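A.B. asks: Model the full structure from these sequences, guided by the hints.
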Amino acid sequence: MSDALPVTLIGGYLGAGKTTLVNQLLRNAGGLRLAILVNESGALPIDADLIEAEGDDLISIAGGCICCSFGSDLAAALSDMGRMVPRPDHVVIEASGVALPGSIALTVDLLESVRLDGIVVLADGLTIQRQIGDEYIGDTLERQLADADLIVLTKVDLLDVEARSGLQDWMAARFPGKALILAEEGRVPRDLLLGSFAPDRVSSGGAHGDADYASEVYVPARAVDAEGLAQALATGGHGILRAKGFVDDLSGRRALVQVVGQRAEVSFPDQGADPAVVCIGLKGQLDREGLARVFGCG
Amino acid sequence: MSVPVTIYAARKILTMNPSRPEATHVAVREGRILGAGSLEELADWGDYTLDDRFADKVLMPGFVEGHAHTMEGSLWSKVYCGWFDRTDPDGKTWKGLKSIDSVVDRLKEAEAKLEGPDAPLSGWQLDPIYMNNERVSRADLDRVSTTRPIGILHASGHIMNVNSRALELAGLLKTGINNPAIPLGNDGLPTGELKGPEVMAPVGQHVGFERNLMDADEDGLRRFAKLCVRTGTTTITDLASRMDQPTVDMMLRVTGEEDYPARIVPLRFFMGLAPDELITEVKRLRDLSTDRLRMGRIKIVADGSIQGFSARLRWPGYFNGAPNGLWYVAPEQLSDILHGALEADLPVHIHTNGDQATQLVLETMGRALRAHPHPDHRFTLQHCQLADAAQFRTAAKLGMCVNLFANHHFYWGDEHYNLTVGPERATRMNACRTALNSGVPMAIHSDAPVTPLGPLFTAWAAVNRITASGRVQGEEERIGVTEALWAITMGAAYTLHMDGEVGSIETGKRADFAVLEEDPSAVDPADLRDIPVWGTVQGGRVFAAADL
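Going down the list, the sequences are from chains Y and L. In case it helps, our numbering puts the first sequence at residues 1 to 298. In case it helps, our numbering puts the second sequence at residues 1001 to 1548.
In short, the hints are calculated from the structure, not lab data. You can take every hint at face value.
Result set (DSBU-like, lysine-lysine): computed pairs, CA atoms no more than 35 Å apart in a straight line:
(1) K178(Y) <-> K1174(L)
(2) K1108(L) <-> K1092(L)
(3) K1195(L) <-> K1113(L)
(4) K1195(L) <-> K178(Y)
(5) K1195(L) <-> K1098(L)
(6) K1195(L) <-> K1226(L)
Take a look, some chain L residues computed to stay more than 12 Å from chain Y by CB distance:
(7) R1020
(8) S1099
(9) I1100
(10) A1110
(11) G1321
(12) A1389
(13) T1507
(14) R1529
Residues on chain Y that point at chain L, a partial pick, calculated with CB under 10 Å:
(15) G15
(16) S69
(17) S72
(18) S103
(19) A105
(20) L111
(21) I137
Given the structure is predicted, the values throughout are model-derived calculations rather than measurements. Think of the CB as a built atom: it goes at the ideal place given N, C-alpha and C, for glycine as much as any other residue.
C.D. replies: Now the structure itself:
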């Protein structure tokens, strides 16, 4: 289990900015070998200048990344990724505009060789309110966003401050408790999307936008109930967008705790680093005091 | 030297040519029809051979099936597990299986013929709806074998039952699975039922469903053609093929064989290419067409199925309160394809089951037509099962055709009445009468393998509107025998822009005939489906079902 390949699902309707986000990820991969899987509804979403070589089934991208289309058999494509040499570090699935991420997650969940890291759903900040009211696609968008661990509102740079905060309030009321961030031109820190940081520190892979986020490292004073801790981080209202790190579980084992929005996962890898958990949230929203209490170090 | 003329004598020829509806003889030269009439009228075409092998038969134009899938041919390599009797490509009628025990018994018979202890065993067309929804468990299938993986695909195509060995190979024979599509037994292990393509795929590869079922394989394409001969079908669609180049090459080769008895019309499935690429690709395919492989059409799937609760319905939605279904195309993408196809003059057939999907297509088509006026596009709504009268009127105004799923009404009509859409909408589903009254060009179809290929059965279904439980559901929507026979010949040909070429027996058209033992215009309409089919004549070549 410890070496299961992490998979991040990126969903959202047409025009929400999935392709822009994926290209930003590739430009800021920071040495990570990303495998981008796209479904089959359209043209490959990779910016031309990133492409090194194009084969029938696979596109090679600068920095050791790849992109391929999974057609009707995502399970087979994911299994292939797990067997690839060298193996990718992280798989990113870009879902089609009408796909329900929850359905795709069913496939990912089934495979031993991969691990669903999180579901990120994008919404076009300029159109989401109108689209959710649309008689044809409204309920589809609503279901997509309801599946999200992390909602990314895009194109918000085109909104004034008042409109932005109005939109955020509207989304918060519509999708209560969902982790929500704003992104300009697809810029979301890579660590936030992929959890691709060492569990005791945050890298600066996604340079842009970092100013909006705060991160804090907590070292629990003693062994904890890892499951309980993970749940508390995910649903305790501490402003956590993502958390990752090791703790000593009450069972005596070292546990890896990973949180994306309200998704919490605990695993027990063969090798674990020293206890320490990185928590990332929006600046001003990360509840440092509450978290210190949760970790028993406050 | 003159080209030989053959004149076939028949008990009766129903031409579907309104200006000469019946004849006793038809003259054929170079695979085409010189004319239908009396022997005296035809004799003057020149030296002829009088062929009276059909002297006691009734000839109709070869039937045209406007919505089927060559996949039916591929599925017959697997064990038939359906509720209804069904005839295979070799003419053997497999009895419908009425209990799980009988399914297990048939699988055991097939298992005994397999070599090696671990070769997979696969079956198809299981439909627990008719068995009071009793669920098949892996324990049931384990009675067949514990060493070989076994998988049975349901008639819906969206559920599969597998045995323990198959779960084991897929790494799923374990506790702790938390997945709504994988029901668990009291022991915490999966029951073996896999509900949905997402969870079927990882197991399917171990039980013989590994290949992309949408595309025919070579043997399947040959078997499919045998079914065509047995049902009187001479032109048939393959209504959603991915059509990669190896598949296209194979289809060109197989259909080009001297004795291939059917004309296949494959429609390119829209997924996999951006709209502009799709248009370019389908134009390319169009130019590769031959007489027996007609490419250059596009298939879009807008929504899912009604019995799977994945069709998109308008208010008030599903009768049992299920949430609305799924889109398989985004409205913008649909629009882009329709615009591009109208401009490029490529026909598009669009699957819409729910009335909301139909409405979206009608509205999108209206806008696309204002941008790209096209006087004769014949874009066709496929299934279009829940359309109401207003939608049929709009379809007529837009120049669209409909191909209604008459067979579905028989197989699932009761289910729709009781569960999915309730009595009123179930009663007007596949509203053939309303469609014709509204002036929409109409065909009716089997969607084989979803229901068995058989245009006479399909005509029977539209004429009688009887459901599997024996009720007449929606007698106001019944159509006459003549109208139904038109729908399975000229009606379907029209939706393919082939009505000038096939669909009736008249001068200049392809010599495609359905050779029947009885006269469909004379039998009791309740017996239409029971008319024996002797075989076909396709492009002037004679194919006897008994010789296949």
